[in-house]
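Residue numbers (numbering that gives the first Met the number 0), protein chains in the order written: chain A, 0 to 89; chain B, 0 to 89; chain C, 0 to 89; chain D, 0 to 89.
Derived by calculation from the structure, the hints in this document are not laboratory data.
Careful, some of the hints might be misleading.
As the list claims (entries may be wrong) - Short derived list, chain B residues pointing at chain A, Cβ under 10 angstroms:
no. : residue
1   : Lys7
2   : Leu14
3   : Glu18
4   : Leu55
All values derive from a computational prediction rather than experimental measurement.
All C-beta atoms in this analysis are idealised placements derived from N, C-alpha and C, irrespective of residue type, glycine included.
For reference, the chains in residue letters:
Number of protein chains: 4
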Amino acid sequence: MAYYERDKDDLLQRLRKIEGQVRGVQRMIEEDRYCVDVLTQLAAIRAALNRVSLALFESHTRGCVASAIRSNGGEEAIEELMDVLMKYVK
Amino acid sequence: MAYYERDKDDLLQRLRKIEGQVRGVQRMIEEDRYCVDVLTQLAAIRAALNRVSLALFESHTRGCVASAIRSNGGEEAIEELMDVLMKYVK
Amino acid sequence: MAYYERDKDDLLQRLRKIEGQVRGVQRMIEEDRYCVDVLTQLAAIRAALNRVSLALFESHTRGCVASAIRSNGGEEAIEELMDVLMKYVK
Amino acid sequence: MAYYERDKDDLLQRLRKIEGQVRGVQRMIEEDRYCVDVLTQLAAIRAALNRVSLALFESHTRGCVASAIRSNGGEEAIEELMDVLMKYVK
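With these hints in hand, go ahead and build the complete structure from the sequences.
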């Protein structure tokens, strides 16, 4: 069981909404909508994706990382967490 | 005609790929895949979205903004550009 | 004359404030202040730096880029602008 | 003792370098240096600040958070960590 089990439905719902937003941007481009409106919508999708990532960081820390800390000190789990965090803090 | 006309196919293709990646993350969550792998995949989607936004910033500047600068000095167009840029530089 | 001439004092004042904030973080670390407080302060500095960059993007677009668009179409100036924007949209 | 104790010298050295870089940007502006060069330098400072923050996230997780997880489950420590992380993932 993944540690985000209890948030699974929430995460899936958010991702389905993001999928719909990405399709919406495709429609905007097909209809030659104004670039600034497309950029505003893309910024909203980016923010929504970031919220999904933050939720996963939280459940991962509460779950896998906490569990590793209790069982073996968590050195590796924390290193792995930092490696992926580096892809977000740029 | 929107100023990204000539990049339209390229933009649509990238957005369809991003849509597929978002669906892929949904599957990863349904299959209880390891959170760090999901986070890595979300970071890749974020990077792909950023590249779409950068392409739009470029065609918008080359198109609407340049045209406004030539016809009326571009004050408003540049202000609008900065307002949307602010949503990206955080 | 650089195109940010008229904002020069404002930019310098903000950068001097940022310099002071960076020194403040050094003091926090010397005094073993709580990491979360240091991280909060570093996030504030990051936001202040971003605001300086946005001000420069604006004066650069209004100045050098607009001037290049009027005199030679601006191809190169826009390409250069996008290259540096790429360092910020990540 | 703060949990970044053992990295203290490294953190201070990096922050002193960042302070010098911020002063360098002030000089660039005083000397009317080209805006794109200033923006490139500001992006470098932003990246250096992010690396300091990542180092603090790591020592905080290894230290305070791990210790809270072992002693009281870490609920509060993780919530606090996520609150500050939210300021970075934007």
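| query | What hints, given by number in increasing order, does this structure fail? | reply | Violated hints: none; all satisfied.
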